[in-house]
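Each chain is listed here by its residues.
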Amino acid sequence: MTAAVARAVVALAGSCLGDRRREWALAMQAELEAAIDDGRPLAFAAGCLTGALRGMPAHAEGRFALASHAVALGLIVPIGALLVSGTLPGFPFLPSGHAGMAGWLGGGGHPALLNAANQGAVPALALLVLALVAGHLLMPWFLLDRDWARVAVLARLNAAATATLFLFTGILVLDETYMLLPAAGLAIELCAIAILFRWHGHLPGPPSEIPIS
Amino acid sequence: MASGRRPSKQMLTLLGILSAQAQQWRHGYDLMKETGLLSGTLYPLLMRMTDQGLVEAEWREPAQPGRPARHAYRLTAKGLALALATEEERSLLGLTAFPA
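Same order as they appear, the protein sequences are chains A and B. First residue of the first sequence: 15, per my numbering; consecutive thereafter. First residue of the second sequence: 2, per my numbering; consecutive thereafter.
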């Protein structure tokens, strides 16, 4: 069990080292066997990980990985959380104090903005908001995986969902100001992703040959 | 000196160990035990010294079957020259191998 955890930690250290240092990652993995024989695999593995993490800001790929994690966890996930928190107390993006979706579902609320004329649109809009939330939660995954094709598809879907919500919020004579924050969040997110995509294109490629397989 | 800066105490220690048997290839874990450096210090140091042309690395066949090939290290001529140039500094600092 300890050896398995140590192998996972050394593998993580190898990821932090990046493609440029793949040979060193393999060297650490090989040396871990000696540490296992010596009964100190975890200390060895933890050292490799801290060394790799400390070195990340020193190389281009490490800086890119740190920036990607910062955008994914510090920007995109909070935007998703903001959408969730906006959806739970009210719909769409109504502040607390309104009955919102919960009131509409319960039938006993007194929504300030939803009325007999527009409440029929709530299920479709609610689904759209939930799809947008799902899109924001999936985005960090694809971004950290550097799966740019999926990132592009998801960015288009999120942009389309936000635009649709914005339009229908207006058509239903709901307060548009509650759409400004998600729209601004989406714009910032798309800009950050575009910058990361360009940055990734300028990163040096992996070494063409590794001495051993 | 390769980087134009004074070698760190850790680098001096590693230079001392590697220059003691300059022609011999040494494995990372053995170097850890001999120098007393932790893996989080030793590997970044070896990478930096390799980048600076002070250390050369080579893959060596495993001693036991079924084990992966191991990376081994030794000083280059440049590394050996640095070791010799810093010999006095190392003795002043009392830098021999740290206890493992």
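Honestly, I wouldn't trust all of these hints.
[To be verified] Per label pair, the in silico range of CB-to-CB distance:
#1 S29/A - Q22/B: 53 to 61 Å
#2 Q53/B - A57/A: 46 to 54 Å
#3 K34/B - L80/A: 43 to 51 Å
#4 R164/A - T77/B: 41 to 49 Å
#5 D33/A - Q53/B: 14 to 22 Å
#6 K34/B - S29/A: 22 to 30 Å
#7 L96/A - D31/B: 48 to 56 Å
#8 G53/A - G95/B: 35 to 43 Å
#9 V98/A - P63/B: 34 to 42 Å
#10 G37/B - H216/A: 53 to 61 Å
[What the hints assert, rightly or not] Calculated from the model, a selection of chain B residues having no Cβ within reach of chain A, i.e. all distances over 10 Å:
#11 H28
#12 G29
#13 D31
#14 L43
#15 Y44
#16 R71
#17 R75
#18 E90
Quick caveat, the hints were computed from the structure, so don't treat them as lab data. Please read all numbers here as calculations on a predicted model, not as lab measurements. Just so you know, even glycine gets a beta-carbon here, dropped at the ideal spot from N, CA and C.
Against the structure, the hints:
Restraint check, S29/A to Q22/B: a C-beta distance of roughly 34 Å breaks the suggested window 53 to 61 Å. The hint said 46 to 54 Å for the Cβ distance between Q53/B and A57/A, and at roughly 27 Å that hint is violated. Distance hint for K34/B and L80/A: a CB-CB separation of about 32 Å, inconsistent with the stated range 43 to 51 Å. Distance hint check for R164/A and T77/B: the Cβ-Cβ separation is about 45 Å, which falls inside the suggested range of 41 to 49 Å.
Checking the proposed 14 to 22 Å range against D33/A and Q53/B shows it holds: the Cβ atoms sit about 21 Å from each other. Checked against the hint of 22 to 30 Å, the pair K34/B and S29/A passes, with Cβ atoms roughly 27 Å apart. For the pair L96/A and D31/B, the beta carbons lie near 53 Å from each other, so the given range of 48 to 56 Å is met. The hint said 35 to 43 Å for the Cβ distance between G53/A and G95/B, and at roughly 30 Å that hint is violated.
One distance hint, 34 to 42 Å for the beta-carbon pair V98/A and P63/B, is violated here, with the actual separation near 52 Å. In this structure the hint that G37/B and H216/A lie 53 to 61 Å apart at CB is violated, the actual value being about 41 Å. Distance to chain A contradicts H28/B as a non-interface residue, since its nearest Cβ pair spans about 7 Å, not more than 10 Å. Remark: the non-interface label on G29/B conflicts with the geometry, its nearest Cβ contact in chain A lying 4 Å away (cut-off 10 Å).
Remark: the non-interface label on D31/B conflicts with the geometry, its nearest Cβ contact in chain A lying 8 Å away (cut-off 10 Å). Some Cβ of chain A comes within 10 Å of the Cβ of L43/B; the nearest lies about 8 Å off, and the non-interface call is violated. At roughly 5 Å, the least C-beta separation between Y44/B and chain A is not larger than 10 Å, which violates its mark as non-interface. For R71/B, the requirement that its beta carbon stay farther than 10 Å from each beta carbon of chain A is not met, with the minimum near 5 Å.
Distance check for R75/B against chain A: the nearest CB is about 14 Å away, which clears 10 Å, and the non-interface claim stands. No Cβ of chain A approaches the Cβ of E90/B within 10 Å, the least distance being about 25 Å, so the stated non-interface status holds.
The structure does not agree with the numbered hints 1, 2, 3, 8, 9, 10, 11, 12, 13, 14, 15 and 16 stated previously, though it agrees with the rest.
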